[in-house]
Structure formats: C-alpha cells, structure tokens
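Protein chains in written order, with my numbering: chain A, 77 to 370; chain B, 2 to 283.
One should not assume that every hint holds.
[Said to hold, decoys possible] The following residues of chain A were derived to be distant from chain B, with all beta-carbon distances above 10 Å:
#1 F83
#2 R136
#3 R174
#4 Y214
#5 Q232
#6 P261
#7 P285
#8 S288
#9 F292
#10 P318
#11 I354
#12 R362
[Unchecked claim] In silico EDC-like pairs for lysine to aspartate or glutamate, Cα to Cα no more than 20 Å straight-line:
#13 A/K79 x B/D173
#14 A/K79 x B/D53
#15 B/K199 x B/D74
#16 A/K79 x B/E177
If you are wondering where the hints come from, they were derived from the structure by calculation, not from laboratory data. Note that the Cβ used here is the ideal one computed from N, Cα and C, for glycine as well.
Below are the chains, spelled out letter by letter.
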Amino acid sequence: MEKRVFFRNWWLPYLLVAPQVVITLVFFIWPAYQALEMSFFIEDAFGFSRNFVGFENFTRLFSDPGYLRSFWTTLVFGLTVTFLSMSMALALAVAANRVVRSATTYRTFLIWPYAVAPALAGVLWFFMMNPSLGIVAYMLESIWGYDWNHYINGNQALMMVIIAAAWKQISYNFLFFLAGLQSIPKSMIEAAAIDGASPTRRFWTIVFPLLSPTTFFLLVVNLVYAFFDTFAIIHATTSGGPADATSILVYRVYSTGFVGQDYGSSAAQSVVLMALVIGLTFVQFRYIERRVQY
Amino acid sequence: MVENRPWLGVLTHATLILGVAFLCFPVWMALVASTHPGEALSRSPIPLWFGDQGWENYAQLLTEGSPAVGGVDLSTMLLNSFIMAIGITVGKIAISLISAFAIVYFRFPFRMLFFWLIFITLMLPVEVRILPTYDVVASLGMLNSYSGLIIPLIASATATFLFRQFFLTIPDELVEAARIDRAGPIRFFWDILLPLSKTNIAALFIILFIYGWNQYLWPFLITTDQDLYTIVMGIQRMVNVGEGLPIWHLTMGTAILAMVPPVLVVLAMQRLFVKGLVESEK
C-alpha cells in the first residue's frame, strides 16, 4: 500500500531516516557482518594474528559433541516451554472467555507476569526450588519423598529453567488466545449447541480450528522467545550447569566467546543462530502473517 | 453462556483460580521472604506468612544495598534502570516516528532499501551477535556509560512498522488540506500526524518501557562500573555468590523492587497495554 499524495523534498527524508539507519548499520548490520567474517578465521590466543580457515570453525562446531548436545537441549527446552505455556494459557483463556462475573479481576491477575523480567522469573523459581529451603523442593521431599537437587541433577536443573521460562510466558499467550477466542462468532457455537454438540466437542471441532492462526503465530513467537530471550533465566540461575545440562545455544555463544575466549567458534555459533532466527522470521512472515486475523 | 451446566461453571472457576495461584505463588513467596530476618530463611520449611522485618530489609536495600553487590544501594540501581528504560523507550519512539514518516510521506531514491535495512534488525537480536556488538561499543568508547546502555538498543523495526501501518490509514485529504494551507512536511508532522498518533505512542510506550526495564544481557556486558548497574542485572550478583549461599531475604526484596515498576505500569494502564501488545506484534 502506498500513499497517493506525498511531500517533495530532496534532503529532508534522508535526514529523517538517518538516525534509525545509522544505528542499524553500526550496531546491527556491521556486527552481524563481523560475526560472519570472524566465523571463517581462527585467532591465536593473544589476538595478534588470525588465519583464514574456511569452514573449519563450522565443521569443528558440528563435530563437537558438547555443541550437538546443546542443540538437543535447546530443542527440548524450546518445545517444552512452548507446549507448557501455550497449553496452560489456552486452558486459562477458554475459562476466562466463559466467565461473565469477575472476568476483569481474573484477567488482571493473569496478565501481570508479562512485566516480570525473564531474569527475575528465573530467580523466583530458583528460590522456590532451592534444595535446602525452597518450598517446592520441601513439598516434593515431604509429600512424595522425592529428592530435588538441581545443583547436581542436570534433568532437574533443565526442568527448573523450563518451568521458569514457561511461567513467564503464560500471560502473553493468554492475552493472544483470549483475543482470538473473542473474535469467534458466538452464533457458530450456539448453532453447534443446538445440534447437540457437547462443550468438549464444540471446542475441538469449532473453537480450536478457528484459533489456528493465533496458535501458529504464538508457536513461532514462543519458539523465538524460548531460543533467544531465555538467556537471562539460564545465566542468572544455573549458568548453564550442572555439567552443561542447561547450556542452550544462546548461552553457549556467550560462554564460548566471553568465558572461553574462543572467538572463531563463538562467531560460527552466532552465524548458526542468525540462520535460525532468519528461518523463523521467514516462516512467520511468509506462512503466518496473512492468515492471522485480529 | 450457551447452556447451563453447573459443573462446567465450577470447572471454569477452578481452572482460573489454579492459574492465578500458579502465577502468583512465586511472587507471594518472594514477598514473604523479603519481610523476614536472615535466620528465618536458613532452614526448611520456610515461613509462608509475613515476618516483621519488612521495613528494615527494604530500608537496608535502598540505602546500603546487599553486601553481595559490593555495597551499591538499590536506589542507584533503580535510578539506572529508570534512566535506561526511559532512554530506550523515548529513543525508539522518536527515531521510529520520523523514519516511518519519511518512508510513508516521501518518495526518494533508496526508500525501499532503507525499509528493508530496518526490517533486517528483526532478525538480529543482541543474543546472536554478542561479541562483535560488544567490540563496536568498546571501540566507540561507550562502555560504562548511559549512552552505551541506551543507543545500541534504540533501533526498532517493530515500532517503525507500527507507525508506518498507522500512517497509511490516515486519509490523504489531510495532506492535501495541509498543502493547500501551505504547511510544509515538518509542520504537517508536528501539528497533524503527532496528535493523531497519541494513542499509538502511549500504547507503544508501555510495551517498550517494559522491554527497556527488563534488559539483562546488554547492561551485563557493557557495565563493569558498579554505579551503572541496573537492578534486573544486578540481582544476578546476589544469586551467583560462588561458594556461599545467597542472602535470600535481601535477594527476594531486590526481586520485588525490580518487578514493581513494570508490573505497576501494566496494571495501571491495562487497556493501553493490551492494545500495545497486540498491535506491536502484528
């Protein structure tokens, strides 16, 4: 879509886009290019010289069992976070869409965690699940005799960051599901009810299919969130441990680059991640955008 | 409600109450923990109801800070967070408004190139280009400064798209009228476009404020000077204390203080917040 009427001025528009474009070039495009370039070089330990090595950083990366495990961890983490937060949010949105009385009160209580920083969500659950005094760890121990210690047990550590990440994302999904539900015409549901369809049947045959644009949209957004925005949760709580069990890809880029000082490998990881975001963004705009109706 | 099924009503409320409980419980525990003296939190089970040390704990945090962060008081951290959040929000809105204005209301060579350039930023979150971005900021001498905290984060494809989308819905007659009245582009922008965009700006302000306040990785990378710590990032120093145990009552107090401003913004401006969230994701 374009405007029919516009202003004529040969310098003003450049001046207007300049701040945005300069910042984009300096802090986005240039560093991204640098990462791409660095990924083809290996730097010596002191940073004095570097050698062009072609794809060696990448081949080294993909033959590194630690990195491949990170890929797997990220996949498990991303899918579980997405599934947990979306399913809980959907259940809550369906319920909130049904209540007439106190609907606003419920909504208020359900949306505020959106404003909680991922880092803080991590810290809150880190406290709740602390093996020596966390309330959740205590209840697990005293009710089921389950021994919780995420400092030692990698799976438990992963579970803790999954719960924290999903917890934070429920509000966001809830709001979008609720908006989606409210746009479904009541008459369709009433027609199905008159035909004798039960509430469960109505949900799965009418509501859920009609929600699919929202669901697809949220699927991509949640995967992006779980893959990239959860760095803070990991960094503030488990620091990737124990024994790399919670070291997802974004955390690994950081730890390889800043802690391990292996710039070539960190750059190669950046490039892999960029490819991942570009792929997800492409999917979002190519296949989803047009089908989403608000 | 289509038909009356009492058990469904009960199930609905039960689901909602469980959901609210799940979302609120961690914050409840943090709030309770922050009102107890340190000793109360040294053995399990920890108290589920408020203690009497609340004022003392918060006063200590705000004036002296926690020993784990080397004695930076939280007032400073809150102020830093506030400056960063406002800086990012105002910066993003300002540069996105003018670039969307240029792209919609002017025809000039490379217009679409600029548009795609801005679009690309969507695909390059800080997390995937940490190291080179850090190098750029370091070589510009922006480490440990407010400008370093703010400027690299103010490019915004989302805000630019939102304003572009909105400008495209504004009738062309307004531009024609402005031109008949001999108003130039700047006058048009200032007197017509800006007042019309007020609601959009307000809605976006809320979303971006939360985004800015909750930044973690960026301030962590570029501030080594304790006086520039932001609260969301500073809390990590209290949690990762190496060999010892975190000082839980102070850490939880910090968590509460760090989440109060953005949560208040959401609660106070719920309607605008929902609008901003839904529109900025379109």
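Comparing the hints with the structure gives:
The non-interface label for A/F83 is inconsistent with chain B: the shortest C-beta to C-beta separation is roughly 4 Å, within 10 Å. For A/R136, the non-interface assignment is confirmed: its Cβ lies about 17 Å from the closest Cβ of chain B, beyond the 10 Å cut-off. With a least beta-carbon separation of about 5 Å from chain B, A/R174 fails to lie farther than 10 Å from that chain, contradicting its non-interface assignment. At the 10 Å boundary, the C-beta of A/Y214 falls inside the reach of chain B, the nearest C-beta of that chain being 5 Å off.
Taking the minimum C-beta to C-beta distance to chain B, about 17 Å, the non-interface status of A/Q232 holds against the 10 Å cut. With 10 Å as the threshold on Cβ separation, the claim that A/P261 sits away from chain B holds: the shortest Cβ distance comes to roughly 13 Å. Every CB of chain B is more than 10 Å from the CB of A/P285 (nearest about 18 Å), matching its label as outside the interface. Taking the minimum C-beta to C-beta distance to chain B, about 17 Å, the non-interface status of A/S288 holds against the 10 Å cut.
The beta carbon of A/F292 is kept farther than 10 Å from every beta carbon of chain B, the shortest such distance being approximately 13 Å. With a least beta-carbon separation of about 14 Å from chain B, A/P318 lies farther than 10 Å from that chain, consistent with its non-interface assignment. Separation of A/I354 from chain B is inadequate, the least Cβ-Cβ distance of about 5 Å not exceeding the 10 Å criterion. The non-interface label for A/R362 is consistent with chain B: the shortest C-beta to C-beta separation is roughly 13 Å, beyond 10 Å.
Under the criterion of a C-alpha separation no larger than 20 Å, the hint pairing A/K79 with B/D173 is consistent with the structure, at around 7 Å. In summary, the hint linking A/K79 to B/D53 is not supported, as the alpha carbons are separated by about 64 Å, beyond the 20 Å threshold. With a C-alpha separation of about 37 Å, the suggested pair B/K199 and B/D74 falls outside the 20 Å cut-off, and the hint is violated. Annotation: proposed proximity of A/K79 to B/E177 holds, straight-line Cα distance about 12 Å (limit 20 Å).
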